[in-house]
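Engineer: In the UniProt record's numbering, the protein residues as written are 1 to 465.
Honestly, the hints are just simulated from the structure, not real lab data.
Check the hints yourself; a few may be wrong.
[Claimed, not checked] Restraint ranges, calculated between C-beta atoms of paired labels, are given here:
1) 377 to 52: 17 to 25 Å
2) 412 to 13: 21 to 29 Å
3) 392 to 425: 21 to 29 Å
4) 140 to 377: 37 to 45 Å
5) 425 to 64: 35 to 43 Å
6) 225 to 248: 48 to 56 Å
7) 412 to 379: 15 to 23 Å
8) 374 to 444: 41 to 49 Å
9) 241 to 281: 15 to 23 Å
10) 255 to 19: 26 to 34 Å
11) 440 to 347: 22 to 30 Å
12) 259 to 225: 19 to 27 Å
13) 61 to 281: 31 to 39 Å
14) 425 to 241: 51 to 59 Å
[Said to hold, decoys possible] In the DSSO-like style, the derived pairs of lysine-lysine whose C-alpha atoms are separated by at most 30 Å in a straight line are:
15) 311 to 218
16) 465 to 201
17) 400 to 345
Where is the CB? At the ideal position from N, CA and C, for every residue including glycine.
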Amino acid sequence: MNPETLKPVAIVVPTRIDHVQGTVICAKDNGLQIRIRSGGHDYEGLSYRSNVTFIILDMSNFRSIDIDVKTETAWVQSGATLGELYYHIANKTNMHGFPSGVCPTVGIGGHFSGGGYGNLMRKYGLSADNILDIIAVDALGNVHDRASMGEDLFWAIRGGGAASFAVVVSYKIKLVRVPNKVTVFRKWFTLEQGATDLVHKWQQVAPNINEEFFVKVKLEPSFINGNQTVTATFIGFFLGRREKLLPIISKSFPELNLTQQDCHEMRWVETTLFWAGFPIGTPIETLLNRTIWTPLFFKNKSDYVKNVIPKESLNKIWKMTMAMMNRNDINKTRFDLECSPYGGKMNVIPESNTPFPHRKGNLFLIQYAFSWIDEGNNVSFNNIKKLRKLYDGMAPYVSKDPRECFLNYRDLDIGSNRSNETSFDDAKIYGRKYFKDNYTRLTKVKASVDPNNFFKYEQSIPPIK
1 MNPETLKPVA IVVPTRIDHV QGTVICAKDN GLQIRIRSGG HDYEGLSYRS NVTFIILDMS
61 NFRSIDIDVK TETAWVQSGA TLGELYYHIA NKTNMHGFPS GVCPTVGIGG HFSGGGYGNL
121 MRKYGLSADN ILDIIAVDAL GNVHDRASMG EDLFWAIRGG GAASFAVVVS YKIKLVRVPN
181 KVTVFRKWFT LEQGATDLVH KWQQVAPNIN EEFFVKVKLE PSFINGNQTV TATFIGFFLG
241 RREKLLPIIS KSFPELNLTQ QDCHEMRWVE TTLFWAGFPI GTPIETLLNR TIWTPLFFKN
301 KSDYVKNVIP KESLNKIWKM TMAMMNRNDI NKTRFDLECS PYGGKMNVIP ESNTPFPHRK
361 GNLFLIQYAF SWIDEGNNVS FNNIKKLRKL YDGMAPYVSK DPRECFLNYR DLDIGSNRSN
421 ETSFDDAKIY GRKYFKDNYT RLTKVKASVD PNNFFKYEQS IPPIK
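Produce the entire structure from the sequences given, and follow the hints as far as they go.
Structural biologist: This is the structure:
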């Protein structure tokens with residue numbers, strides 16, 4: 001955003017569902033676009049900015065969370081955060097959790113509707129796979145639940161991006177079972193310590209190992225003793241105690257040299273803080289803080305890898321990764337490739353089960369995360385240019401036709417429409433990357449529930465013509 005960015009005509013912060021209905025009807029009658037904001041974490045800022053006259057519908061007052069341990073379900077309003085959900089689950093039970101992301105300040109509304117994943121993904125699938133019912137307001141201002149909206153719309157807003165179809169007010173979710181103690185670890189290696197061999201092996205092990213185990217690897221350029229290298233940090237989560245985990249690792253990934261001292265046992269809710277980067281022992285009340293992070297400038301992108309990347313190709317990737325930073329950037333920028341393994345439950349759920357299609361056949365998801373603190377358009381332009389160059393260089397190693405992307409990691413580089421128009425052909429470019437063959441069904445649902453295309457933005461789903 002900059003001083004020339006168009007400001008909203010109004011920011012509506014509803015407290016009741018009829019306020020949401022009235023906002024939709026008023027905006028439609030006056031030719032205004034709506035930008036729906038739950039947590040405000042859209043990577044391209046599309047939940048709070050537009051190039052045409054618009055209003056912001058801020059759902060932050062809709063934060064009620066009702067946990068029912070007996071039925072193993074919960075109703076969660078769309079303005080709540082992941083951290084608030086995790087805290088309220090833990091307040092009622094130590095034997096349940098929910099498969100969602102690792103950033104506690106992310107809003108429920110956008111996270112769930114884009115798919116939503118975390119370290120329970122290989123055991124239980126996505127957030128969207130565990131949604132049982134939805135309350136939403138449609139383009140006519142009518143309130144629906146699953147029964148009245150129909151299965152097509154219910155399908156579309158569980159992974160297809162709800163902002164193209166309706167305003168989600170709340171979700172009914174299925175809680176998942178977790179042990180009273182789980183195990184986590186974090187262990188890092190440099191190139192000089194054998195990171196290349198470890199990452200090569202990780203690609204073969206992580207998507208195929210026991211589904212109760214999830215280990216991602218974070219790859220980042222670093223300077224150690226004045227020399228530039230790449231650091232590979234392995235961050236693991238296991239649904240069980242360390243004595244059960246260690247034999248599994250010893251058999252499948254002995255090169256990791258995981259020891260009992262590396263492993264930390266804790267409650268599931270405490271692991272959500274560990275994965276968010278907080279020190280062990282941080283009070284779980286921290287999850288209720290909706291503004292934890294220091295604001296930064298950033299640009300992120302995503303890719304899917306379907307074949308093991310050979311060691312010689314990894315060496316090329318390390319060179320590209322180290323080119324993202326120089327010695328003068330150490331305290332000003334941060335870049336990493338966060339690689340999250342698939343497999344397990346993700347291989348079982350069909351691509352068409354929800355709009356989220358990235359299932360069987362994917363080894364892992366890459367998030368390219370680049371952030372910086374210096375202000376100025378020139379700084380941003382140069383940093384984004386560097387990231388795009390690396391992204392282009394990764395093309396030989398990732399999915400093709402289409403080059404798949406993850407909707408929750410919004411990226412306008414892959415295609416967009418103008419704010420006041422939605423071309424079916426233009427939308428197909430980014431639509432197939434996010435949704436593959438599910439894109440066509442999404443456009444049919446759109447034509448059925450919002451034929452006049454009231455809910456639209458730069459990467460929305462258009463109605464099929």
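Engineer: Each hint needs a verdict: does it hold in this structure or not?
Structural biologist: Tested hints:
About 22 Å separates the C-beta atoms of residue 377 and residue 52, a value consistent with the hinted range of 17 to 25 Å. A hinted range of 21 to 29 Å holds for the C-beta pair residue 412 and residue 13, which are about 27 Å apart. Roughly 24 Å separates the CB atoms of residue 392 and residue 425, a value that falls within the hinted 21 to 29 Å. One distance hint, 37 to 45 Å for the beta-carbon pair residue 140 and residue 377, holds here, with the actual separation near 41 Å.
Between residue 425 and residue 64 the Cβ separation comes to about 41 Å, which falls inside the hinted range of 35 to 43 Å. Between residue 225 and residue 248 the Cβ separation comes to about 34 Å, which falls outside the hinted range of 48 to 56 Å. Distance hint check: the CB atoms of residue 412 and residue 379 are about 19 Å apart, consistent with the given range 15 to 23 Å. Hint check: residue 374 to residue 444, Cβ distance near 46 Å, so the stated range 41 to 49 Å holds.
Between residue 241 and residue 281, the C-beta spacing of about 19 Å keeps the proposed range 15 to 23 Å intact. For the pair residue 255 and residue 19, the supplied restraint of 26 to 34 Å is violated, since their beta-carbon distance comes to about 57 Å. Under the hint 22 to 30 Å, the C-beta atoms of residue 440 and residue 347, about 24 Å apart, fit the expected range. A hinted range of 19 to 27 Å for the beta carbons of residue 259 and residue 225 is consistent with their spacing of about 25 Å.
Distance hint for residue 61 and residue 281: a CB-CB separation of about 32 Å, consistent with the stated range 31 to 39 Å. One distance hint, 51 to 59 Å for the beta-carbon pair residue 425 and residue 241, holds here, with the actual separation near 54 Å. Between residue 311 and residue 218 the CA atoms are separated by roughly 17 Å; this keeps the pair inside 30 Å, and the hint holds. Pair hint residue 465 plus residue 201 does not hold up; C-alpha atoms about 48 Å apart against a cutoff of 30 Å.
Between residue 400 and residue 345, the direct Cα distance comes to roughly 23 Å. Compliance with the 30 Å bound is thereby established for this hinted pair.
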